[in-house]
Amino acid sequence: MPKRTDIKKILVVGSGSIVIGQGPEFDYSGTQGIKALREEGYEVCLINSNPATIMTDPELADRTYIEPLTPEYLDKVLSIEKPQAILPTLGGQTALNLTVAAAERGILKKHGVEIIGARLETIRKAEDRQLFKEAMKKIGLDLPRSIVVTDESDLKDVARDLGFPIIVRASFTLGGTGGGIAYHFEELRQKVHTAFELSPVKKVLLEESVLGWKEYELEVMRDCKDNFVVVCTIENLDPMGVHTGDSITCAPAQTLSDRQYQEMRDDAKRIISEVGVETGGCNIQFAVQPQTGRRVVVEINPRVSRSSALASKATGFPIARLAAKLAVGYALDELPNDITKATLACFEPSIDYVVVKAPRFATEKFGEFTLDTAMKSVGEAMAIGRTFKEALQKALRGLESGKKGLAGAEPMDAETRLQRVATPTSSRLYHVKSALDEGVSVERIHEVSRIDPWFLHQLKELCDFEKTLPALPLDAEGLLAAKRLGFSDAQLALAKGLPEAKIRAARWKHGVRPVYKLVDTCAGEFPSSTPYFYSTYEPEGDALHAAGRKTSKKKAVILGSGPNRIGQGIEFDYCCVQASKALRAQGWQSVMVNCNPETVSTDYDSSDRLYFEPLTLEDTLEIIAAENPTGVIVQFGGQTPLNLAVALEKAGVPILGTLPAAIDMAEDRKLFGAALKSLKILSPESGIADTADKALKIARRIGYPVMVRPSYVLGGRMMEVVYDDPSLVDYVGRALKAATHPSLLVDRFLADATEVDVDAVCDGKDVWISGVMEHIEEAGIHSGDSACTLPPHSLSPAVLATIRENTRKLALKLKVRGLMNVQYAVKDGSVYVLEANPRASRTVPFVSKATGLPVARIATWVMMGRPLKKLLPAAVLKGGVEPPYTSTKEAVMPFIKFPGVDPKLGPEMKSTGEVMGLDADFPRSFAKSQEAAGMLLPTSGSVFVSVRDEDKPQIVPMARSLRQLGFTLVATRSTADFLNRHGLETSRVAKVGEGKPDVVDLMRQRTLSLVINTPSGKRSRADGYAIRRTALELNIPCITNLHSAGAAVHAIAVLQGATMGVKCLQAHYESLPYSVNI
Amino acid sequence: MNDKAWLALEDGTFVAGRACGASGETGGEFVFNTAMTGYQEILTDPSYAGQCVVMTYPLIGNYGITAGDHESARPRLSGFVVRELCKHPSNHESVESAGSFLKKHGIVAIEDVDTRALTLKLRDKGALRGIISTTDGDRKRLLAKAKALPTMAGLNLAKTVTCDKPYSWDEGFKPADKQLHVVVMDFGVKYGILRCLTAMGCKVTVVPCSTSAAEIVRLKPDGVLLSNGPGDPEPVTDAVETIKHLLAERVPLFGICLGHQLLGLALGGRTYKLKFGHHGSNHPVKDLETGKIEISSQNHGFCVDLKTLPSAVKTTHVNLNDGTSEGMTHGTLPAFSVQYHPEASAGPHDSRYLFERFRGLMLAGREARSR
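Line by line, the protein sequences give chains A and B.
Quick note on this note's numbering: the first sequence kicks off at 100 and runs consecutively.
Quick note on this note's numbering: the second sequence kicks off at -9 and runs consecutively.
Bear in mind the hints are in silico, worked out from the structure with no lab data behind them.
Where hints are given, some of them may not hold.
[Said to hold, decoys possible] Straight-line Cα separation of at most 25 Å, PhoX-like style, residue types lysine-lysine; simulated pairs:
no.	chain 1	residue 1	chain 2	residue 2
1	A	K209	A	K108
2	A	K769	A	K680
3	A	K769	A	K908
4	A	K796	A	K769
5	A	K595	A	K559
6	A	K302	A	K232
7	A	K566	B	K210
8	A	K796	A	K776
9	A	K255	A	K301
10	A	K503	A	K595
11	B	K282	A	K440
12	A	K1162	A	K134
13	B	K77	A	K566
14	B	K77	A	K559
15	A	K926	A	K779
16	A	K324	B	K304
17	B	K263	B	K149
18	A	K776	A	K912
19	A	K908	A	K776
20	A	K208	A	K107
21	A	K440	B	K265
22	A	K236	A	K209
23	B	K164	A	K237
24	B	K234	B	K210
25	B	K115	B	K234
26	B	K94	B	K115
27	B	K(-6)	A	K559
28	B	K115	A	K440
29	A	K908	A	K836
30	B	K135	B	K115
31	B	K282	A	K102
32	B	K(-6)	A	K236
33	B	K282	A	K324
34	A	K776	A	K926
35	A	K181	A	K134
36	A	K1162	A	K208
[Said to hold, decoys possible] These stretches of chain B come out as covered by chain A in the derived footprint (C-beta under 8 Å, 3 or more residues):
no.	segment
37	20 to 28
38	46 to 53
39	79 to 93
40	109 to 122
A virtual CB, placed ideally from N, CA and C, is assigned to each residue, including glycine.
Based on the sequences and whatever the hints tell you, model everything.
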C-alpha cells in the first residue's frame, strides 16, 4: 500500500534521559525515524526531554518540544500541534508507556490522535504478562510456566507450584527493573515487594526458571500486507538468567540447526501476527533447553529496541527507518534496500561475518554485581570479524575496560575460581578464560556456568593459541596467524614483553596489515555502494573500500567516543555527528570511527565512510593509514580519542584543531598551574602527591577540607572531599592501588562555592564564549551530576565579566583551536578556575539547544581553518547576548538499579543522562527539569528536613517558605528543636530504629511528600542512607544539598501558582536577539 | 591437522588453505551459497552434483551433523569451501562433526579461504570451473585442470543422481482424510520434498527419472511431482517427453526447480543459464496472485525464459531481487511449478503452502475424474 495521505502531521515520542536499560539507541532510532517521515513529506513534531540527542536538534523535526515526558505535557503539545498521528514505537519503553497512559486518560481521543506503528491492543498484549501468556497459549506456543500476582499474599502456594528458583518480573518497567531471581522464600517475598513498588500497574509475574537455557533473540519486521522478515538472529553467550543487555551476544545465532532455527522463525511469525504487530519492528526472545531442545517464548517488545539497533548495525538493515515507513502505510516490498540500492527492503539479510556485542559496566562506580534479569550495564561495544574469535577479541578491546582482548582475571584458588565462573558478573568471561588456562575442562566449565560448549571451545582455541605467543616468531606467518584470531598488537606485546610499537613495526615490515570488508546486507550477492566497513586479516579487501579512498576532496577522520559509560555518554556522540555534518557541509569527506552500536554516529548515513572498529591506537592508526586524511578530529569523542592524541601525533598523524601539547598543558597540573599564574587567574591552592606523607603535608599547608583525586581520570572517578588526616591516609591507600598513574591531586576544597561551567570556542585569535552555566548544586558535586542553568541566575555582572575574561585568556594561552570547557568556583565574589579541558564537554549539546547555536559545528569549522569572525555575527562573538528564556539541565541518576548504593551526590559522577527544562524564568525551567527527571515536586503535604549542623542556619528561610506554601514540617529531634526555636512549627519523628514510627515508617506510609537530607559526618551516615534509599525506592523526591533545596522551594512556589506551558525550540528561537541560521 | 589444500579457478585464481574434508582432488563449477544455517542440507542436496559450494557464512559446522536432516542418502556435491570449519560442534541433536562427515563421504573440502573475496569474484564473473586439491599445490597444473573441466551446460547430471528403482517413502507420514498418491519423478529429489508430501497425508512413490509416462500412469497417481535436480535441464530430453505425455493425460503436475524448468521445456519454452544463479535462503519472491512476499530457499543456475512459452502459461511468482520469473501455471492444464524450493530445507517455511495448492489441484483432478 502506498503511504497514507490522510495523515499530514505526526508527533514522534522520544525516550527521555539516558538511563540504564534505555540508552542512546533511541536517539539513533528516533533520528532515523524522523528523517524517514520528513522524507515522505510529513510534518513531524517531536517531544523529548533529552537535550543531548541528535533527534532534538532544531533542524531535525519541524517542531521540537524539549518538555517532560508526562501525559500532562503531551496533552499540551497535542493541543498546540493537533497532529493526526502519534508514533510511540521509536522511543523505547518510555514512549510506549507515555502513549498508553495518554490513551487511557482519553487524551489521545480528545485530540483525535491515532497511534501509528503499533495499535494499543498490540502494546497491551505484548507488555501485559497475562495477556501475552493468553495470546501465546492461543496459538499453542510453549512458555515458561508462570503466575501473575496482584498482591503479596499467597506467595507460598505459588512457590510450591513453580519450585525455586523463581523469576520475578514487574509489568511495564524498562530494562527489567524490579525483577530478579529468588532462590528461597524470603528472597521471593522481598523481590515481589520491590516489584510491586516499581510496577506502575501493580502486577508482578512469577515464572518457572529457565536459568541456564540457551537464549536467542529474533529481530523481525511485519507490514500491513502480512509480509514478514527476520532481520537478524542473536545468540547469547551468557545463558538465560542474565538480562540480554548485560550478556555477551553474537549475531547471527551460531548453534541452531536450520530446522531448529526455521521452527523458531515459524513461531516468531505466528507470535507477531497474533500480537498484531503489523506496521513495524519487533523483538522476540526465546529460551531453548540445551538437552531437549524445548523452546519457550520469553518475551516480546513491539517496538524498536536496543537489540534492534544492534541488529541494524550488525546487518546494515535500517530497522527504525523502515519501521517509520511501515507506520505510515508502506509495505516492505515498496521500499528499497538502502545499502544495495538495487534490491528491496523485503528480504532477510545474510551476513558473511560474525558480530559480537559486549556490555560495558559501571563497576568502577558501583562495584561488581551479580547479574540477573534487571539490566545493569551502561553501554556496549560491538565488533565485526570474520570469525567469532576475531570479533570477540575486537569487542573486548573496544570496551576500553583495560583489557586488550580476551584476558584472564586475577589469580585465585581453584574453588573460588569455579565459583566466579558459575556466577554471572561483569568479569565472568575473564574468569572463564583463567579457568581454561588453569586446565579446567570445557565440560566442567559448561556444567557450572551453563555457557554453551560451542562458545567455550572458541575461547579455548584462543587460550591455546595464546600459550604459543611467547615463542611465536614475529614474521609474516606468525603475525598473520595471531591477527587472524583477533589478537591485538597490545596483547602480543604483553606476551612478548615488548613495547606495542615494536610489534606494530614488525607487522608493518612484513606487510601484515588489515583489509577492510563491507557490511552489505547480502553476503556479497549484490554490489553495494554504501561504504560501511570493518577490518579483518584476509588476503583481499572490498573494491569499494579501495575505490572510495581516493578523493579530490579534503577529508577528516572523526574518532568517536566508544561504548557509552558514566562520564562519557551520548553528548560526545552528538558532537561527533555534528562534526561530520559540518565537514560535509563544507565539501569535506567525513570518515567516522566508532564501535558503539547504539549511536547515531554509527548510522551509515551519518558520515561519508563508516568504520565499525575499536578505538585503540592500533585500530585507528590502520584506518588513518588506509584513509590518509587531511586531519583527524580527536576533541569530540570525549576522553577516548583524547587519550590517543599524543600517540597519534607521535606517529605522524595530523591532528585537526587543538594540538595534543595544549591538551597536555591543561591536564598536567604543573604546566597548568604555571599558565594560570602567568595569566593571574585564581585557582584553589593545590599540590601533587604520590605518597600519603606528601598528601598530608599538602593538606596541612592548604587546610582541610581538601578535594583529592587521581590525575588523568574521567568523570571524577575516585574524587573525594576529605575532612581530616586519617581519612586522607585511607584515601591515598585506596587511590594509589586503583590508579594507573601514581599521582594524586590535592586541592583546597571551596566549601559552599557556586560552580560555573563555561563552554567556549577559540580560533587562535578570537574566543567565543558559547555558554555560561551556573550550577544549582554547590562546588564539590560533579558537574555531570549537577543541575545547571543558562543564563546564570544569580551571578553578578562583575563575576560574569571575570569569568568571560579568564576563559578568553585561558583559551588563547592554551592555543585552543576548537572547543574548550572551563569549570569555575565562585566564592565570596572571587572566581577560581577548577579545571580546563580543551575538548568537547558534556554540556555542548545543552548549550546548543539553549542558545540555538550549533556549537560543535562552529567548532568544527574553526578546526577546518575558518575564523570565528566569519562564522558568527559580531554581537554573538562579543558575548553577553543571552536568550530571553531560561534553560535548566538536570542529571538523571541510576541508583535504583544498584541495590545497596547510597543515592547521594558527590565529586564522583554517577548520573547516566540528563534532561532539560525550558521556560520563561529560572524557577519555571527548574520545575520543568525536575518533572522531566522524574522528580515530582509536591505542591502540598509534609516535608521531612534533616540537615547537618553547618547547614542549619541556611535551612531556616527555606523552611519558612515551605510553611508559607502550606507544607507541614517534620524533622528528627535536633533539627526539629532548631526549627521550633526559630518559630517554625515542626513535628518530631524518631530517627531510624529509635522508636516507632521512625522517619522511614513515615515514608512507607506515604505521609511525607518531600525529603531534604544533607549527608553529614560518619555518625548519622547510616541513618541518612536509610532515608535516602527508602525515598529512592518509594519515588519520594529527596534533595541532598541546600542549593537544590532552595531551587526546589522556588519551583514549588511556581508550580502552585500557575500551570506550566509548552513551547517548541523553534518558537523559543524566534525570541532570540540574534539569528540562529549559521 | 594442518594439512594443506589448494584451490584454483579457471580465471587464474589460486588460493592456499587447509584441508578440512577428505583428501584428494575434485573439480566442478564453483557457486556460492548465502544461507547462514543449513550446511548439512546443502551438502546432501543432490542438486549440487557437479558443483563446489562456497559458503558465504564464515563459520560452518557449528551444530555438527544432526539426525533426520539429510536431503539425500549422501553428499552429492563435488567440493566444499569454507572460511572456518568447526571442530567442536554443539547441539543436542548433533551426531558427528561436519569434518568427519565430509571425510566419511569422501568430499574434498578446504577451509581458511577468504570466501568473501571468492564470492565477489563469482558474482562479478559468473560461476567458474575450478579444482580443490589436497595433493597438488602446483598453481599451473591446477589451473590447467580447472580449464579442462567440462562446463555445466549440456551435461545431463540428473541421470547421475536419480534412484535406481522405484521406492515408496513414508517418513513423516501424517494421515489425512483423503489420501492422495503422488508419484515423484526423481531428478535428484530432496527428502524435504518427500517429507512435505507425507506430512499432508500423501502416499509417495519415487521413480527414476527415466520412467516412462505409461509406467507412471500405471501407478495411478493423483499427481506427479517433478523434482529438483542438478544442472542443465536441456539435455534431460527423455524426461521432457515423459512430461509432455503426462500433460496430455491431464495428470496434475507440480514442478520444483529443475522440475519447473523441465515443465517449461515440455510446454514448449526455453531455458537459459544465469550468471551466478540463486543459491541461498533469503530470496524474496512475490506471489502475484496474493501480492504476498515469501522468503524462499533457492538453488538454481538455469532459468525458464517465460517469453518463450505459449500464452496459456502465466507467471505466478517473481523474484524481487532481480525480477526473474520464479513460478508459472498453465491456464487450462492442471500443471504449475516454481523455480525455488517450497520445501525449504534449508530455509524459511514461507512457501510450504504450495504443497497445499498441489493437494488442491490433485483433489480437483480426482473429482473431475469421478464425474
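Unsatisfied constraints (hint numbers, rising): 2, 7, 22, 25, 26, 29, 32
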